[in-house]
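Asker: Protein chains in written order, with this note's numbering: chain A, 1 to 358; chain B, 1 to 358; chain C, 1 to 358.
Partner residues aside, some chain A positions facing chain B, computed with beta carbon under 8 Å: (1) D230; (2) A233; (3) R260; (4) L300; (5) A327.
The calculated label-pair distances, taken between Cβ atoms and stated as ranges, are: (6) P17/C with T64/A: 31 to 41 Å; (7) D108/B with Q352/A: 53 to 63 Å; (8) T64/A with E331/B: 33 to 43 Å; (9) E181/B with E332/A: 48 to 58 Å; (10) Q3/C with E134/B: 53 to 63 Å; (11) E246/B with K73/C: 51 to 61 Å; (12) R49/B with A50/C: 50 to 60 Å; (13) E134/A with E134/B: 46 to 56 Å; (14) R143/B with S180/A: 50 to 60 Å; (15) R145/B with L68/C: 37 to 47 Å.
No wet-lab data here; the hints were simulated from the structure. Every residue gets a Cβ at the ideal spot worked out from N, C-alpha and C, and that includes glycine.
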Amino acid sequence: MKQRSPGLEALREYTRPVPRLAVPGSHSALQILLGAREEGLEAILVATRAQFEAIYSRFPWLYTRVVLLDSWKELATRRVVSELRGLETILVPHGSLVEYVGPDNLLDLELPMLGNRFLLPIEASWEEKMRLIEEAGIPTPRRIRSPGEATGPVIVKLPGAKGGRGYRIALPGELEHVLSEIEKLGYKRDEVIIQEFLVGVRLYAHYFASPVMGRVELLGMDQRLESNIDGLARLPPGIASRLGLEPSFTVVANTPMVARESLLAKILRYGDAFAEAVERRTGYPMTGPFSLEGVVTDDLEYRVFEFSGRIVAGTNVYTGQQTPYAALYWEEPMYMGRRIARELRLAAERRQLEKIIT
Amino acid sequence: MKQRSPGLEALREYTRPVPRLAVPGSHSALQILLGAREEGLEAILVATRAQFEAIYSRFPWLYTRVVLLDSWKELATRRVVSELRGLETILVPHGSLVEYVGPDNLLDLELPMLGNRFLLPIEASWEEKMRLIEEAGIPTPRRIRSPGEATGPVIVKLPGAKGGRGYRIALPGELEHVLSEIEKLGYKRDEVIIQEFLVGVRLYAHYFASPVMGRVELLGMDQRLESNIDGLARLPPGIASRLGLEPSFTVVANTPMVARESLLAKILRYGDAFAEAVERRTGYPMTGPFSLEGVVTDDLEYRVFEFSGRIVAGTNVYTGQQTPYAALYWEEPMYMGRRIARELRLAAERRQLEKIIT
Amino acid sequence: MKQRSPGLEALREYTRPVPRLAVPGSHSALQILLGAREEGLEAILVATRAQFEAIYSRFPWLYTRVVLLDSWKELATRRVVSELRGLETILVPHGSLVEYVGPDNLLDLELPMLGNRFLLPIEASWEEKMRLIEEAGIPTPRRIRSPGEATGPVIVKLPGAKGGRGYRIALPGELEHVLSEIEKLGYKRDEVIIQEFLVGVRLYAHYFASPVMGRVELLGMDQRLESNIDGLARLPPGIASRLGLEPSFTVVANTPMVARESLLAKILRYGDAFAEAVERRTGYPMTGPFSLEGVVTDDLEYRVFEFSGRIVAGTNVYTGQQTPYAALYWEEPMYMGRRIARELRLAAERRQLEKIIT
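Assemble the whole structure, with the sequences as input and the hints as a guide.
Answerer: In structure tokens form, the structure reads like this:
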């Protein structure tokens, strides 16, 4: 059942040959702004006063206008939406925006949006999210439905895109206790997900689904640095265990990496399969950036524990640079922020904007 | 005693002013293909049907022709060799090719090959391999000849380039048990090597031996991410030890790094020394990419536990990019794949191809 | 109280429209030489014979002249200073130079120096160093004044820039013992610093204070790889603790990273605040490269445990490349070595050299 798209309806009013980007000031805004500039598109920065002053006011050459908000919730108000539509902007959403504005508000936002907005409610539910990965035929970690099912270490994840904050690792015997602690924080059991904790190399693959080029491009990969777990792991032997520190998984930074070339067979296939599954499920094509996030185990399986339906912050490792994978598709430096602007520019030139927005 | 080189003999038949590259589709093929393209050389992709369809068919602009194989063993058949000679190609070998086709088959292959093919039998034997590093005067980890000699942790490595699969770490008291387990897998004791396990920072240095420029260039460095060991290392305290998981060392990915500048004194010297030792031992110069793989201990010694006589996959971290070391030699982006093509092009222009192939 | 600057006095004698750089051959010299070359400035390499032969003699195209020393102490002699003044050079100092020549000798050196030389005595004392960070309003780890104050793991750091050599981590009960061991090595208790050991993601931020552009630029970040601690952390469970190896923190290598974008609010502000605190304390502006070195904890606080008043070696990860942060300020690749040369060139063109040297 194909839903109506408020973004496509809003797009019909636009008359400029080349649209402007509306870039929410957070997450990966700097590379998106830079990419727009390099592709000759105008970018409108939408930011809270606090973040504008602290970060974006230092880079005035990266945008042509700024729409200031007192709080992120304002983004969904008639006033701001109307201003952004008046400027004929296409919104480039990212994980922080989803967290700040809320998936429901974004789903109904009457503003053209790069990508497939119908992924928003799917991502908001662990149940739906993992089902979509499975529908794509992509291997996932074993799902634990009740504490009794756990046979090895598990990870308990909270709902929403919180950059890993509040995630917990537990052994089977500790799981019931961990769940009751999480309940005390106000979460319901069916909001969290319990997954087998896979031991291997974490790999966050960055894709761009391009209707204009008719392909899903692999543009990069990264590994996350998380606090405090990456600090705990590096403590001298004997000290970590005596500290009694609870491990935490707040994403703090990212580092670049490349995969063994033979793994690309799976990584490329999963990218295609994910895009196809999204189209089957939502009735709209997958467009723009997305990410598959998983672990490569020592049998060289890539098992995906999560996805992001839009740009991930790990792509920031390549801001302004060529990436080792983008180089296979593009001669000029093509990081994710620029790839977004390139697609918008090409789609506008070919009058295919309705193919990449919802 | 200098052996005859089947590649040099095959080269005599070639008449094109600029040769073509034959690139086996695996390992680091994408950057080699890209490098050929950037240097204006034609590349012939040689790939199994399965890998072609899964990976290389997505990048048809990276090669001008593809030679499809049902299995890698076919590469050494008269039909394929004859086709590749008819196309006047120079084969660019890599670790996966050695593993798939076998060092003996490659040694006898009647096809010009970039690099020194007489390293192949040396690399196939741990005994010969480590002796060559020692002949170069490069410090190595202590070799353990029998379980009784171990005084600290050791690593037991299987023969062949398996990307670290099956390697085992053991403390002295466990070594006898580990060796008997490895024997049960069908390996003989004199095929494996036991080395002191050095605790420090792993450093895989990427070199290019250039007869055309008359120098050994340091083009980059990387660190390997291995599964499951890198996952085990990051488990919260207390969990890893209770899991009872056997550590494994399958190379999954690579990350870029640079060394403390003062370490370059050793790293550069060892590169030269290795190239000289190869020429002394085989009678042919070291040419093309190679790698020294070791650990920097806290006394700033670089001890080399292995080498690769051809391109290592860690160079993939710089595909299409300038590297922090190549920038010292070359103004344009010079990753290993492009460096290969550059050398072939320069050698062809100067009619010195016989200097860089065997 | 503003001290006289021997460098500014020496500068008055200079008559060339564009000065030359004097680059001490160690630490980050290669990228500084490369940067000078890319900006069209002449660079004079100053190096010991040993390091020149081992490293810099391989890259003669990176400098126009070399001043050879038998030992680093010679740099402060009248002969060498006079030669470097005769060549109208501006010295680009780095951590190795400070360690080799000594902060007092550098402070008095009658040679123009990029940056604020009055930071040298501050950096030489842990007491002064940490006070400056606190004066800037930047959060720091808790300082432990006596063993009884420790409540969790602490790190004990030796005086001087030794690249982390000799640093020790201890739990409260072990601290007295560790301190007495350090005393046996000849250090006094008031020369070392004891800091709360923060568990999180280490982040070394690279800044450039530019009077010419009127801003402090964030040009990059890195993480250090230290021996043997990074090797210890990766040992299989159970092995590290049974080895009884003392952890050590010798910096061996660096890897690139980027921070979560929202952290930039703090990272950018601390860069400004540090530069302002330096000017308040010394009476001279902060100019040229500097670094803040800290840990991001899981509450997303960035606590700074150290600074470097000049270029840090971690900037080497970007030699010859665009960095993910420099891309926000500069269209052309702008790594720290080139940024130095750019500032010198711009300052010379605008007759503002006295603004950036002391």
